[in-house]
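Trainee: Chain by chain, the residues:
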Amino acid sequence: MTKNGTDKKSGGFLLEARGICKSYGALRANDGVDLRVRAGGRHALIGENGAGKSTLVNILYGAVQADAGSLKWRGESVRINSPQAARKLGVGIIFQHFALFESMSVAENIRLGLRRETENAEMLRLSEKYGLRIDPAKCVGDLSVGEKQRVEILRSLLQEPRLLILDEPTSVLTPAESRALFVLLRRLADEGRGILFISHKLREVEELCEEATVLRGGRTVFHGLLAETTRKELIRKMIGAPPPPPPSEMEGGKPDNPSPIFDGGGNPESKKQINSPPIFDRGENPESKKQINPPPIFDGGGGGGDAILCVKDLHLQNAEGGMTLRVPQLQLKKGVITGVAGIAGNGQDELLNALSGETITPPGSVLFCGEPAGGWGVARRCAAGILTVPTERRGRATVGEMSLAENALLGRAGAGGLRRRGFIFPQQLREEAAGIISRFDVAAAGADAAADSLSGGNLQKYIVGRALMQKPAVLIAANPTWGVDVRAAAFVRREIMRLREGGGAVLVISEDLDELFELCDEIAVINCGALSLARPRANVGAEDVGRQMTVS
Amino acid sequence: MKALHFIPRPPEQKAGAQKWAALAAVFLALGLGALVLKAAGASPPAVYKVFFVDPFSSAYTLAEIANKTVTLSLIALALAAGFRANIWNIGAEGQFTAGAIAASFVAVWLLEESGRWAVFAVLAGGVCGGMAWAAAPAFLRAKVGVNEILTSLMLVYVSLLLLSYVVHGPLKDPEGFNFPQSPLFGESSLVPSLLEEYPLYATILVLPPALLASHYFVSRSWAGFQMRVIGLAPRAGDYAGFSRARPVWISFLLTGAFAGFVGAAEVAGTAGQLTPVISPGYGFTAIIVAFLGRLHPLGIVAAGMLMAMIQIGGENGQIDLALPVSVSGVFQGLILFSLLAADFLVHYQIRRRGD
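As they're listed, the protein sequences go chains A and B.
Just so you know, we're using this note's numbering here: the first sequence kicks off at 1 and counts up by one.
Just so you know, we're using this note's numbering here: the second sequence kicks off at 1 and counts up by one.
Simulated from the structure, these hints should not be mistaken for lab results.
Here a beta-carbon is modelled for each residue, glycine too, at the ideal position from N, C-alpha and C.
Keep in mind that a hint or two might mislead.
Unchecked claim - Rough simulated footprint, nothing fancy, chain B against chain A, three-plus residues with beta-carbon under 8 Å:
(1) 356 to 366
(2) 383 to 392
(3) 401 to 415
Unchecked claim - Below, simulated DMTMM-like cross-link-like pairs (lysine to aspartate or glutamate); rule was C-alpha separation at most 25 Å, straight line:
(4) B:K19 <-> A:D448
(5) A:K201 <-> A:E401
(6) B:K143 <-> A:E358
(7) B:K14 <-> A:E358
(8) B:K19 <-> A:E401
(9) B:K14 <-> A:E392
Said to hold, decoys possible - Sample of chain B residues lacking proximity to chain A, with all beta carbon distances greater than 10 Å (derived):
(10) L30
(11) A42
(12) T61
(13) A132
(14) L160
(15) V206
(16) S221
(17) W222
(18) A223
(19) F225
(20) V229
(21) L232
(22) A236
(23) W249
(24) L295
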């Protein structure tokens with residue numbers, strides 16, 4: 001890397017974007033964004049969902065053309081017309097969702113991505129140099145999420161990038177994998193490459209980066225050294241208001257909830273002003289709280305803590321010879337949030353399917369209120385009030401091409417007046433969707449907007465909202481805040497806690513340990529398809545869970 | 001060597017391109033067709049005049065085109081419902097034939113009946129025959145998981161053999177000089193014509209309500225909604241607990257009913273009896289019609305009309321210009337290939353490796 005040469009020409013800036021504007025119809029996604037990344041610098045790009053981060057990244061990567069503004073690359077004005085042009089300049093990007101073919105080997109994937117012949121030896125050399133530990137001959141489908149990410153990084157490094165952009169890279173990683181990634185990124189920066197790190201997790205940003213740019217509403221609202229600012233200040237910049245308190249404080253629930261995102265905000269001032277952001281002023285009025293929080297459909301059984309949904313001695317052999325799910329015992333109790341920790345691909349999908357009814361199990365292996373329910377299909381379980389929020393927002397929880405109104409028909413406990421005698425009623429669907437949109441603060445063009453037009457966070461709010469509107473007796477949520485911005489994540493968590501306060505039983509399957517420790521009353525660990533017994537959160541430590549997740 | 005490779009197009013580009021793909025395909029096919037005609041020694045303008053201009057100067061030909069449009073569109077409407085749910089009934093031709101056979105049994109049985117209700121009984125027989133024929137692949141797919149493309153297609157050939165058996169055996173006209181055909185149906189069993197001079201069959205009256213019904217089925221019915229969900233995102237269908245078997249039954253029985261109905265109308269209309277050959281491949285052409293019409297009711301009627309014109313034009317070209325009869329087949333094939341190519345280009349961009 002010619003770090004010094006770059007310095008002379010451009011004052012050390014590898015990339016300089018000024019006044020970037022981009023509109024989609026009436027929406028100004030970027031409205032005068034400035035960004036400067038130093039060669040050798042570790043730069044964070046922060047902002048809420050819809051703040052314009054993705055648009056900016058797409059412009060830098062040439063996938064989208066800016067309407068106005070200038071780009072300088074190593075001191076010289078450039079136009080980036082296509083991803084190919086970006087790669088030629090030396091911009092590499094690691095997307096949150098990997099672009100890998102599962103059925104092909106690592107080496108084949110890399111060759112396809114680079115569109116040139118690459119020797120396995122070269123891959124091995126680079127892989128060893130940076131400690132990526134990847135076997136080029138291995139099939140990508142057999143790799144863990146962290147390993148897949150390393151394949152993407154390796155593929156990018158083979159193109160000798162000067163700037164590496166990472167979009168939410170840690171959202172899929174375990175804490176240990178994240179640490180390893182940071183070591184790698186530091187090393188790449190020390191070689192003179194610029195790192196642009198996009199994340200919602202401020203703690204990680206502080207751990208890795210030196211400089212940060214904060215976007216809000218399509219504008220750069222902050223740019224500077226992290227050492228010269230505070231986390232509170234960053235949050236203030238991001239959401240344009242004082243940081244929201246952690247959900248537990250709002251609900252008067254468990255005061256000892258650790259809140260990893262806002263744990264800098266113990267300032268009493270921030271609490272005084274909590275009612276300024278609109279989404280947090282709900283529930284102050286006891287009447288409105290009552291309205292929002294009626295008891296769940298299921299109201300049988302005695303007080304809190306009664307098991308509504310039980311799984312006992314469930315052994316599920318995967319038909320394709322993959323993961324065998326083994327659940328000795330799992331109890332979802334009224335008013336209790338149970339968490340399942342684990343690295344992706346360790347049986348979480350199988351567990352979710354066995355609970356949602358997509359996989360039928362022996363009748364006695366699943367009990368709903370004491371009734372054998374293993375043989376119930378999805379429709380019957382939904383009707384009983386067991387609702388699911390799967391990880392896959394697009395293509396499973398919603399149909400991307402359909403409107404939000406039509407998507408309101410999926411994953412329902414009952415017809416709810418949306419359909420009668422074999423017909424669906426567009427007007428009622430629109431009203432239902434509009435209700436979810438306003439009640440759960442979903443940023444969408446309206447009930448007729450296609451699900452695909454929503455950002456991940458807003459779509460997730462819609463999906464969670466759709467389920468919660470029906471007051472489920474049991475809610476099973478997989479990675480409910482995956483790739484969702486700070487505020488939306490806090491909102492989703494708060495709504496899940498509300499369901500608990502209302503007596504709902506909740507299961508949260510998540511790869512995010514912080515989230516599990518914040519939300520859950522009990523935590524179990526899934527590893528190689530085996531689910532451990534759930535233990536009260538107070539009795540388990542994060543390190544302990546982390547170890548259980550990774551032993552093989 | 002530089003090789004071509006294909007990059008998926010972003011969705012916002014797709015939406016615009018999709019609309020024009022069908023139209024572009026038609027023009028591409030006409031262009032390619034001109035080359036084929038030229039190579040075969042015919043004059044493309046003269047042929048296209050016979051295909052697309054001459055019909056408008058002959059009321060008889062227009063009525064013929066209308067009849068064929070109705071037949072093709074009704075089958076294609078029903079097929080489209082299944083195609084939306086990724087259920088591939090390739091055997092509408094067989095269901096058409098089965099409907100025609102069943103209708104002929106009813107008509108022969110009612111030979112002496114003079115009540116006007118007889119024609120309804122004949123048509124109902126066609127509907128039942130078509131549905132029964134469609135039920136077999138539906139059952140195999142829904143219960144046993146057998147690929148419906150294969151079973152429905154193979155049943156086409158079974159139905160053609162059955163037709164051959166029936167006209168040579170049970171339904172053979174005892175006074176027909178040993179020709180393999182049924183007796184002429186009774187007057188009351190025939191589908192009436194709306195016009196005195198030309199045969200414009202009353203079947204056309206079914207088309208408008210069928211268009212409305214199919215529109216409402218797709219956009220407003222719960223079953224239609226489920227089928228769209230399953231077609232667009234099968235996993236969302238599973239997530240919502242939609243049955244995978246139900247759409248199979250619905251789409252097959254629907255197509256069976258429609259194809260059987262027009263099969264009955266064909267033998268009880270144009271022919272007035274059951275003959276060894278009753279269809280120029282309506283059931284297969286309807287597949288092209290459904291896709292060319294973008295699975296949309298009005299698009300299907302337009303595509304049906306185009307295919308009807310090509311079929312009739314081919315027949316007239318044979319007479320007027322001494323064209324080989326296979327010209328219509330060539331055009332159908334060209335349209336299908338152009339459509340597939342256009343659809344591919346809607347979904348993918350072509351780049352040269354190394355760019």
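Trainee: Evaluate each hint against the coordinates.
Mentor: Against the structure, the hints:
Coverage of the region 356 to 366 of chain A by chain B holds [criterion: at least 3 residues with CB-CB distance below 8 Å; count 3]. Look at the region 383 to 392 of chain A against chain B: 3 of its residues bring a Cβ nearer than 8 Å to a Cβ of that chain, three or more, so the hint holds. Here's how the region 401 to 415 of chain A fares: 7 of its residues keep a CB closer than 8 Å to some CB of chain B, so the rule of at least three is met and the hint holds. Taken as a hint, the K19 (chain B) and D448 (chain A) pair is honoured in the structure, with Cα atoms around 20 Å apart against an allowance of 25 Å.
Taking the CA atoms of K201 (chain A) and E401 (chain A), the gap is about 31 Å. The hint is violated against a cut of 25 Å. Pair hint K143 (chain B) plus E358 (chain A) holds up; C-alpha atoms about 18 Å apart against a cutoff of 25 Å. This hinted pair does not check out: K14 (chain B) and E358 (chain A) have alpha carbons roughly 32 Å apart, beyond 25 Å. Under the criterion of a C-alpha separation no larger than 25 Å, the hint pairing K19 (chain B) with E401 (chain A) is consistent with the structure, at around 16 Å.
Of the supplied pair hints, the one linking K14 (chain B) and E392 (chain A) holds, its CA atoms being roughly 23 Å apart against a limit of 25 Å. At the 10 Å boundary, the C-beta of L30 (chain B) stays outside the reach of chain A, the nearest C-beta of that chain being 31 Å off. Non-interface call for A42 (chain B) relative to chain A: holds, since the shortest CB-CB distance, roughly 44 Å, exceeds 10 Å. At roughly 41 Å, the least C-beta separation between T61 (chain B) and chain A is larger than 10 Å, which holds for a residue marked as non-interface.
Listed as outside the interface, A132 (chain B) is consistent with that label: its C-beta sits roughly 24 Å from the nearest C-beta of chain A, beyond the 10 Å cut-off. At roughly 36 Å, the least C-beta separation between L160 (chain B) and chain A is larger than 10 Å, which holds for a residue marked as non-interface. For V206 (chain B), the non-interface assignment is confirmed: its Cβ lies about 22 Å from the closest Cβ of chain A, beyond the 10 Å cut-off. A beta-carbon of chain A is positioned within 10 Å of the beta-carbon of S221 (chain B); the least distance is around 6 Å.
Listed as a non-interface residue, W222 (chain B) fails to keep its Cβ farther than 10 Å from every Cβ of chain A; the least gap is roughly 5 Å. Not every Cβ of chain A is farther than 10 Å from the Cβ of A223 (chain B); the closest lies at roughly 7 Å, contradicting the non-interface assignment. Under the 10 Å C-beta cut-off, the non-interface status given to F225 (chain B) relative to chain A is violated; the minimum distance is some 6 Å. With a cut of 10 Å on Cβ distances, V229 (chain B) falls inside the contact zone with chain A, its closest approach being about 6 Å.
Some Cβ of chain A comes within 10 Å of the Cβ of L232 (chain B); the nearest lies about 5 Å off, and the non-interface call is violated. Taking the minimum C-beta to C-beta distance to chain A, about 5 Å, the non-interface status of A236 (chain B) is violated against the 10 Å cut. Every beta carbon of chain A lies more than 10 Å from that of W249 (chain B), the smallest distance being close to 15 Å; the non-interface claim holds. No Cβ of chain A approaches the Cβ of L295 (chain B) within 10 Å, the least distance being about 13 Å, so the stated non-interface status holds.
In summary, the numbered hints that this structure violates are 5, 7, 16, 17, 18, 19, 20, 21 and 22.
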